[in-house]
Amino acid sequence: MEQVIGLITGILFGFLLQKGEVLRFEKQVGFMLLKDMTIIKFMLTAVIVGMVGIYACYSLGWIALSVKATHLGAIIIGGLLFGFGWAIAGYCPGTSVGALAEGRVHAFWAILGMLVGAGLYAEAFPFLQKTVLTWGAYGKITLPQVLGLSPWPIAVVFTLIGVACFIWFEKKGL
Amino acid sequence: MNLSLFASRWSPYVAGAMVGILAVLSVVVTTVVIDKPKYLGASTTFVRVAGYAEKVIAADYVAENTYFAKKKVKVDWQMLFVVGIFVGALISARLGKTHKIEKVPPIWEQRFGSSSVVRAIGAFIGGVILLFGARLAGGCPSGHGLSGNMQLSVSGLLALVFFLVGGIVTARFLYGSGGQSWNK
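Chain order of the listed sequences is C and Y.
The letter at position 146 of the first sequence is residue 146 when you use this note's numbering, and the numbering goes up by one with no holes.
To convert, take the position in the second sequence, counting from 1, and add 174; that gives this note's numbering.
Looking at chain C on its own, in the form it has when it is part of the complex (with noise of 0.2 Å):
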C-alpha cells in the first residue's frame, strides 16, 4: 500500500514538475544565472501553501511533523557542494528523472554520477558522523521554537517576503 500511494503522488507531482517547466536545465541554470525566476516562482508559491497546510493540519492534530536534524557544519558544507554540483550537472535529484522522462536524455548521466555520489557518501559516512555531523548540531529544530512564536507570524512573514519577490520578478521580467 505504501508503495502504491508513493507510486501515485510521484506521478502527480511529475507531472506538475513537467508542467511547470521546471525540470528544463535551462530553467534550473536560468535562475542560477539570475535570468529566469521560474523555479523560484514554483517553490516559493508551494512553500506558502504547503506550509499554511501543514501548520493547519497540524494545529488540528490530525498530522505529525517530521523535522530534520539541523548539522550546521554538515549543513554549509553539504548545501555548498550540493550547489556547486547542481550548477553543472543542471538537475537535481527529483528532477533528473522527470527531465530524462522528457527527453533531456543528457540526465541519465547525472543520475548515474547521483548513485555514485550516494555510494561514496556510504564509504565517507563513518568518518563523517565523527567529525563534520557533530559540528553545530542543534537537533530538530523549527523556527517557531528557536523565536519562540507561534508558526502563524512567521507563515504571514514568509507570505508576504514571497509576494513581494513574485510581484518583482513578474515587473523585471524575470
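It is possible that some hints are incorrect.
[As the list claims (entries may be wrong)] With a straight-line cut-off of 30 Å between C-alpha atoms, the simulated BS3-like cross-links for lysine-lysine are:
(1) Y:Lys-274 with C:Lys-35
(2) Y:Lys-229 with C:Lys-130
(3) Y:Lys-246 with Y:Lys-229
(4) C:Lys-130 with Y:Lys-277
(5) Y:Lys-248 with Y:Lys-229
[Said to hold, decoys possible] Listed next, with one range per pair, are the computed distances between beta-carbon atoms:
(6) Y:Leu-177 with C:Gly-173: 21 to 27 Å
(7) C:Tyr-138 with Y:Leu-177: 39 to 45 Å
(8) C:Leu-147 with Y:Ile-208: 29 to 35 Å
Just so you know, the hints here were simulated from the structure itself, not pulled from any lab data.
Glycine is no exception: its CB is placed at the ideal position from the N, C-alpha and C atoms.
Once you've looked at the hints, dock chain Y against the given chain C.
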C-alpha cells in the same frame, strides 16, 4: 489561464500551488492509511538504489555499512515516488507535446561546445558532487527545500540558502553571465 492536460505549460505559480496541496495531502493520506507521515523527498532513494547495485557485487559489504544500515536498503514509499516522477513527467510531456530529445542543453553548448561526451562527463561529475552534498546536508531541494520549509524547520531554510548560494556562485563562474543569444 489554460489548465488543460494538453497545454504545453501551466503557470509556475499554479503548478507550484498544486504541489503545495499535494504535499499536504500526501502527509494526511499516509498518516491515515499507513500511520507514517510521508513528506516529499528524493535523494535517499539514490542511496537505496546504490545499495542495491552494490549488493549485486558484495552483499556482505553493504550489510556492514553503517549508512546503508541506517537508511535501510528497501523498496519503499520514496522509491516508488521517484519512479512516479518519471511516469508523471512522461505523461505530461507527451500530452503537452513538449517531449524533446536533448543531448546538450543550449547554455552548456555555448560554454563547452556541442560534444555530447563532454556534456555527459559534466553531468556525471555534477551528479556525484551534488548527491554527496545533499546527503551531507541531510536532503535535497525536495526534502529540505520543499518539505523542510513547509514545516518551518531551521535545517530546511539553511540548506535552501546554501544550495542557492552554491549554485549561483558556481554558475556565474562556469557559464559567465549567461550568454547573449540566450533566451527563454
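**Non-conforming hints, listed in increasing numerical order** = The structure conflicts with hint 4 only, although it agrees with all the remaining ones.
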